[in-house]
Amino acid sequence: MNDVSTKQDPRARELALAGALELSPSIEKHPVEIRPRYGHFIAGRWVEGRDEGVFETVNPATAKPLAQIAAADEAEVDAAVAAARKAYDEVWSKLSGLERGKYLFRIARRLQERAREFATLETTDNGKPIRETRDVDIPLVAAHFFYYAGWADKLEHAAAGRKVAPLGVAGQIIPWNFPLLMLAWKIAPALATGNTVVLKPAETTPLTAALFCDVLQEVGLPPGVVNIVNGAGETGAALVNHPGIDKIAFTGSTEVGRIIMRSIAGTKKKATMELGGKGANIVFADAALDQAVEGCVDGIFFNQGHVCCAGSRLLVEESIAEDFVARLRRRVSTLRIGDPLDKNTDVGAINSKDQHGMIDRYLDIAAQEGAKVWQGAACELPSTGYYHLPTILTGVQQTDTVVREEIFGPVLSVLTFRTPAEAIKKANDTEYGLACGVWSEKTSKLFRTAHALNCGVVWANGYNLFDPSSPFGGVRHSGFGREGGIAGLWPYMQEVAR
Amino acid sequence: MPLQCTESDIRRWRAASVDDMSVAARVARVRKRSIKTESKVRLLRLALSMVDLTTLEGADSPERVRGLCHKALRPHPPMPELPSCAAVCVYPTMVATARAVLGADSPVKLAAVATAFPSGQLPLALKVQEVRETVAAGADEIDMVINRGAFLSGDYARVFDEIVAIKDACGPAHLKVILETGELGTLDNVAAASRLAMAAGGDFIKTSTGKIQPAATLEVALVMFEAIREHFLETGVRVGMKPAGGIRSAKLALHYLALLAETLGADWMTNEWFRFGASSLVNDLLRQLLWRDEGYYQSPRRFSVD
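Order-wise, the sequence lines are chains P and S.
For the first sequence, the positions run 1 to 498 when UniProt numbering is used.
For the second sequence, the positions run 1 to 306 when UniProt numbering is used.
Treat the hints as calculated values from the structure; they're not laboratory data.
Be aware that one or more of the hints could be misleading.
In the PhoX-like style, the derived pairs of lysine-lysine whose C-alpha atoms are separated by at most 20 Å in a straight line are [as the list claims (entries may be wrong)]: (1) P:K343 with S:K32; (2) P:K86 with P:K64; (3) P:K29 with S:K211.
Pulled from the structure, derived: some chain P residues nowhere near chain S, Cβ distances all over 12 Å [to be verified]: (4) I27; (5) P31; (6) A79; (7) S96; (8) K102; (9) I130; (10) P222; (11) A287; (12) D323; (13) N344; (14) K372; (15) E405; (16) E431; (17) G462; (18) Y463.
The structure presented is a predicted model; accordingly, all values stated were derived computationally and were not measured.
Beta carbons are placed, not taken as given, at the ideal position from N, Cα and C, and that holds for glycine.
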């Protein structure tokens, strides 16, 4: 209808998106106190810990150390477990659900009051953007405590007609990608159901867990109900293998999950495992495309792609694939990479040098296996710190390493399909089974596809949406057990005779 | 032979589908953009240069229109370095008055609403005549309203033909097509109407008359930006965008610019391709600009009312 098109050079028809919005720095300056050294929080007070094995936690935005962290050995883990057992026997298991709930409500409120401090500290230690810690992580942390606070005196209703009891002492090991949020996912249901805990934060992100201990002291939580031990793999192993532990809750890699399952095999210990993933976003041609783009970008570039349920595979219907990838690239060209404390930063720093190196190794493999690599952003990368450009890989196939293995970084692999059956087959063609997304304006297609997907979570026309009332967890190599919702109570309860 | 649309064009416009929830989420994210210091001043000045300073009241008087023209030319005389507004926007009867004040080669364009604004409920022949007379009286730009009744009844061809006829009547004047998104009901309709209006030759698409609530919203603006982007990528033709009605605060205006920059890019960040239909917005832009210089917020009384 409009013949202007034939007269113009189609190459000129691209939008000048990168750099179109120049913004001055807008840095979050809320003061946070970081102590020079952290030990372990055992029986309600800090113990200094041994000098041997002390390690550093680093600000990934600058690559500079933030604090020294002591590593707990078997004796210190034993002290923490003993404190948890004592608190369980003498205090926590004797409290009514109503009283336990009061403590959880107090924790939730105090977290809200100190939200800005927690967000700033989390961003400093982890490298994720302040926009995310401020708007996602910390609000969800508080919401999780509020949600399980409400359950504490209603457990009989969660288990209709049955009598339930706590398990005892829970050993909990959490990852570095959502440090405080994973702590909340672990501690809130454990305390609500009447357990006491020994929790080990990730060695690269121990600071918000330490600040959380301040909150526990402020609300007067009885000593020993929550104990935090710092350290890396050896500390984790000491916790897992401790005979006084009744339950292990682990979030992290499938590899470590396997080690843990081997060590606790044949013991009375119960377990929940929330492991890796290789989520697929299935985009049908009848989707609202620009909104699907938004969801795919959020699915893989949220939190630098350090999300176990990240939508790291894009399965797009072949008829729209070229157009859709062009839209994706346009959107990625507007993402701002840089100082995580800048309120306008969309993609922050990779949490550690090791992880940064891992992502680069995967990109090398991708190139060797024939992938076409595209990277983009609205701005240049900062010269210091561990930053990585958002990356889109095309020309990849189901057999390729980057399509099969979890990269845990801002790397999206694009594959195509022609029919819903092919989409489902490809989405399920993975060892993992944590989360998938389906995009279509046709409801029947959404439901049919969602039911055929072999994973714990399916989002329809959305991705990475979390709520404490909604259970989360995987199947196959993504683990077992659920966190969140009523389902999240069961891993911390047992049925007992009435 | 006037431009015509085919059944397949209509099917294509109707096929536009938008997911409201995701649009709202995207907008919420843009509202989080923290625009401070130098970038704030730059965008405040840009926003000022993009305002179509508007008065559309039954009680408008020539004197009021003269005042509006002065304000558009020199928004705050103590700061002569500030840009002038993009245009004044008035009823057709006020065009000659405004032209007399602005002069022939004014940096401020003269826009007039026509086609039985705001309802559009007149026979087409009368709308065409109104547009011809308004352009003859000196209007640079015509802001027309689409026939919402025909659009909502599914008679897209009629809406299209009317826009084509008005565009023809405009001659050299630029045509802004008001979709009145507050009456279209869904974002799908906004997307379809945007595609239709651009295909029919509108130089700008505009959200609202300002007489209907809701007027402009960031959600509607995002859908229209995306339609403009599609049109540009398909045809190579740039179309402008004008949100109008309800944009009173500088902060909101800056968020429109952030959304514009992130959806259409740097080429649209000029008053050639983007306008704000507003009046009280100017004083808030001035307050914010003076705050940077003087360190405190001015009393609203520091600036003329319009």
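Hints versus structure:
1. P:K343 with S:K32: holds (8 Å)
2. P:K86 with P:K64: violated (39 Å)
3. P:K29 with S:K211: Outside the cut-off at roughly 43 Å; violated.
4. I27: Not fine: 9 Å to the nearest Cβ puts I27 (chain P) too close to chain S.
5. P31: holds (19 Å)
6. A79: holds (44 Å)
7. S96: holds (41 Å)
8. K102: holds (34 Å)
9. I130: violated (10 Å)
10. P222: holds (39 Å)
11. A287: violated (8 Å)
12. D323: Check fails; 9 Å does not lie beyond 12 Å.
13. N344: violated (6 Å)
14. K372: Given that every Cβ of chain S is farther than 12 Å from that of K372 (chain P), nearest at about 21 Å, it holds.
15. E405: Given that every Cβ of chain S is farther than 12 Å from that of E405 (chain P), nearest at about 30 Å, it holds.
16. E431: Holds, since 30 Å exceeds 12 Å.
17. G462: violated (7 Å)
18. Y463: Its Cβ does come within 12 Å of chain S, the nearest being 10 Å, so this is violated.
Of the numbered hints stated above, those contradicted by the structure are hints 2, 3, 4, 9, 11, 12, 13, 17, 18, listed in ascending order.
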